[in-house]
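Novice: Residue numbers (numbering that gives the first Met the number 0), protein chains in the order written: chain A, 0 to 303; chain B, 0 to 619; chain C, 0 to 188.
Hints were generated in silico from the structure; no laboratory data involved.
Check the hints yourself; a few may be wrong.
Said to hold, decoys possible - Covered, in the sense of this in silico footprint (three residues per stretch, anywhere, with C-beta under 8 Å from a C-beta of chain A), are these stretches of chain C: (1) 18-25; (2) 43-55; (3) 91-100.
As the list claims (entries may be wrong) - With a Cα cut of at most 25 Å, we get these calculated BS3-like pairs of lysine-lysine: (4) C:K154 - A:K42; (5) B:K532 - C:K154; (6) A:K194 - A:K273; (7) C:K16 - B:K530.
As the structure is a prediction and not an experimental result, all values here were calculated from the model.
Backbone N, C-alpha and C define an ideal beta-carbon position, used for all residues, glycine too.
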Amino acid sequence: MIDILLMILTGIGVAFFGFVLQTSIAGVNRKVVARVQKRYGPKWYQEFLDIFKLLSKRSVTHGWIFDFGVIMALGVIIGTAMFMPLTSSFMAFDGYDNFFIFVYLIAVGMLGMAMSASGSGNPLASIGVMRALTTMLAYEVPFMIVVLTIIKLTGTSSLSEIGLFQQVAGNSWFLIALPIGGIVAVMALMGMLGKKPFETYIAPAEIASGPMVEYGGKQLGMLFIMHEITVFIEVSLFVHLFLGGAENIVLFIVKYFVVYTILNIISSVYGRFKIDQVVLFFYKWPLIMAITQAFIAIYLGWVI
Amino acid sequence: MTVEFLILVALASGILAYFVGRLNKVLGAVVTIVASMFIFIMIGYMMQDINAGTTFNYNAVEYMPDFVTFMVTYLGLFFAILVTFIFAMVSFFNPFFVEKYKYPALYSMLYLFSLAGVLGVFLTDNFMVLFFFFEFIVWSGLFLIPLGKNNKAAISYYAFSTAGSFALLYAIFIMFAETGSYNLHLGLATVSGTTEGTYVLALLAFAAFAKLGAFPLNVWLPRALGKAPDPITAVFSGGLEKLGAFVAVLALVKLAPVGDIAGTLGGLTEATFLFASQYIVATLGAMTIIFGTLMAIRQDDAKKLLAYSSMSNGGYILVALSLGGTLGLSGGLYHIVAHALASAAAFLAIGAVSRVTGTTKMSELGGMIHKMPVTYMVYLIAIISMAGIPPMGGFISKWLIFQAVIDNGLILIAVAVFFGSIGSFLYVFRPLAALFLGQELPQHRDKAKEAPFFMLLPMLILSGLIVFTGVMPNIFLDFINDVIAELGGTGLLLGDYTITGVNGVLQPTLIASVFGVGVLIAFIIFILLKKSKKVGLMDTYTAGNFIYTEELMHYSLDFYAPLERLYEKHINITKDFYKKLENKVVDFGRMVKYFFFTNKPEITVFWIIILIGFLLWGEL
Amino acid sequence: MLSTKFSPMSKEEVDRKWWEIGDFFRRNSLWMLMYCTGCCAIELPPAMTSAYDMERLGMGPMATPRQADVLLVTGYLSLKTLRRLIYTYEQMSEPKYIVGFGSCTINGGIYHDSHAVINQLNKYVPVDVFVAGCMPNTEAVMNGFVDLMDLIKNKKANGWKDYHERYDWYLANQKAALGEVRVHDEFHE
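With the rest of the complex left out, here is chain A (with noise of 0.2 Å):
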């Protein structure tokens, strides 16, 4: 019993760390962003300041519903991260960090806050619902196959298992050894974290920040902090499949910071797609670069 109330209490540790980091992480890019703009940028912890003053705002709400929505979208997000591991030997959950366990309790989270979001009745909130799904629909089922290959080829669907794989000597990260597989996750990692150009469901002018346009106060600062640790989520996910795990915790941030860094660099540079091009765009290259890929290292066995 002991044990199980310390693992849950680690799992909350680990969520909780995810929160830190990718806010610190957040602001920091923020920062890289501006200057890329010849901005001097805000402070680093700005997006602490955003997500605390949030909370302290007297918010409106739309019926239980709207709430409830809120509710289930941070606690299952919290509930996942607390699968996630730190290292490849860390974890609150020894042996359950399911590569299919995160994919489909991230896609609660999304449930609850569109759930939500469509409670609230605003026509623009179930536009853009629908538009994160459709570039979910999109760029899903690409990553999957890169995955299914890595999961073929490792033998686990473990995502510390994984990682270690890539550790041992003669195996080199996934990303190097599945390189056109690689490609394809960097892109469907975009459009996971909603970078641009595949922004289109957020799309602040153009459908008034689709999901969240009813949202302020509380409601919006806990689903602010529910992105940052879905965000945690998906990039520690691109670290343990794709670029060899973590020896160490600070490995672990190095490489966090680095992939979430070139995202955010790369979508800079960006403009938005219309939604049907993300669909097009995602089920045009990546789908038959993926699917190349799955067949060249199943089939017949060319792993670099």
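Given chain A, work out where chains B and C should sit, using these hints.
Specialist: Just chains B and C now, kept in the frame of chain A:
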């Protein structure tokens, strides 16, 4: 308690329900509740002392021994208990719906007759009995569907079901010719691996496809399910469709796969070890998934949407069963359970809405959650399971199926499987957003109220089970392991709380509890912060415009318009094919009519000459 | 010598402490909703982009009133837009602030004698900071924002409270100018 007794009970209570229903419509429907609950409990009781291979002989016809036999197997019991449970749950809806239909007494009778048919199909080892009850269900369905006031749907259903039944019959004949007996297990065992086995496999697969509504025999499913009475829809999707899965198990698992190993294509080194027949069925299953998903996304009628989702889930079952192996089999069988529960609950929730509003069109509905919160929660739990998200039952089966697909290295089928899985978020969310959430439309605001207790009860039981199948799946997987053992495979490796797959261990209970911890933390954060101000649904951001019309603020029509635009030109492929086929049949009929049944003298003379020539052929 | 005895704070004191902490966050993270009706709006792009970069103050544009903290009224307001402004202001979550740009919001500016334009914005909604000028230059705009932050720090940015307390007065002014604040939906009814 014997099987034939239960069947007789079902038939007798069906007739009773008819006569009671003639006196009082609702009372006739109550008979269906009592009878189906009784049968479900009896079947559940049978599970207690099941002894695999127990045969109950019932020699009705003296001169042909073993002509009518019943046998309780793990496989049959697995299906029987599931489908009778769905029947029992849905029957609670009958009293509330029966008055809407033209022949309420007939409805109650046929409901119980199909239940009798279900028992007969699943709990027999005799092909003739199986075929008889198979046809019996088709026949009851033929009269049940048009009670929803659409004959065309029933005709479509009948055409495809009959085609499936004929395929089944031919398969039975082939096996009878081989063995001289109608014994199911003997017949399948004898033809397995022979040339005849190939035909039997193809014919049985055809029957399964027709019953599951799989591609390319999918046309009847959305029509029939979209138009049938609401409780019947739930029964069809949750129960009767599973007949197809049962036949698929017979065809794909009990018969040895046919053909070369497909994986050696082009001498690739590490290839899949699937046989051609397995690969073909899996590919058709994959196409079912994609087709069902894409069509479900663009439906406006919630029932039709769920019908297409049933089709897509049928595709998952086919893919899983055709892959075989421990993971494939247990994934497929578990998916049958998960989908039966989820789709029954979803259809019942939609039925409850349609009862108070009189429509299932999403563009005419909105904001039902404010009047029907419990129905909404039932639907939410059902769709979470349908989309395969933890902690519901659908996740477990999808996890197993994914592993089976990945383990076999089937890339193209994996594309379909993943696409269907993500696509299911899209289509299941649509009724949620358009029908339950969004603006509360004025035309339903006064009429709508929460469903009565006896409608909520089955929905809540189903929801509870959906959660339970996701949190504690091992109880069900234990039973499935018995089924697999009976079919000659090895079951899953189960711990106290864990399931071990090929490439990972899953602990559903842990996921559910962590889920709970997370939601608790979020709830604490929420409750500690300042209380929000309640505003109305119309007080939303409109860029400063004053809008007072709810319809304008409700986004429900053409929900996924940008996505639909990408494929809307190609949606009618199967429909066009069957239309063309229909025209060809009509043309052929005309030709036959022209040549044989005409009163034009020249044609008659022509035939007489031909006939005389034919008769004199030997003489000259 | 300081007493080590624990003295419980009264509820007001606790609330005040929390409010001060909240004020720190609020003034360092002002999210704007720009109501760009007049010419002063042209001063916002240089303020936001690399020339003056208001993001270093923690400010940024937001899409909807629900998310925003500060409403920027950039210039003259015709009667039709005033209705929309009041509606938008009432949708914002509290605490909320208003910054009025240019002389038009102070005394009508060059449109002071127009029949279609209001002259004094703070008769209709509470304005916390005015930025004078026609148009104010970007330094003045930035200065106005810093002033607003100081006001929040000194607990003087209380326009939103004033709107609650003297709502009758504001409503009377609004009615006098507009007749009816919430009009019918002229496009759809």
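Novice: Next, verify each hint and record whether it holds.
Specialist: Against the structure, the hints come out as follows:
With a cut-off of 8 Å between beta carbons, the segment 18-25 of chain C has 4 residues touching chain A; three or more are needed, and the interface restraint holds. Given as covered by chain A, the segment 43-55 of chain C passes the check, having 5 residues with a CB less than 8 Å from a CB of that chain where 3 are the minimum. Judged by the Cβ-Cβ criterion of 8 Å, the segment 91-100 of chain C is covered by chain A as claimed, because 4 of its residues qualify and three suffice. Restraint check for C:K154 and A:K42: the C-alpha separation of about 24 Å stays at or below 25 Å, so the hint holds.
Simply put, B:K532 and C:K154 have alpha-carbon atoms about 23 Å apart, close enough for the 25 Å limit, and the pair holds. Under the criterion of a C-alpha separation no larger than 25 Å, the hint pairing A:K194 with A:K273 is consistent with the structure, at around 13 Å. Between C:K16 and B:K530, the direct Cα distance comes to roughly 18 Å. Compliance with the 25 Å bound is thereby established for this hinted pair.
Every hint, counting from the list given before, is met by this structure.
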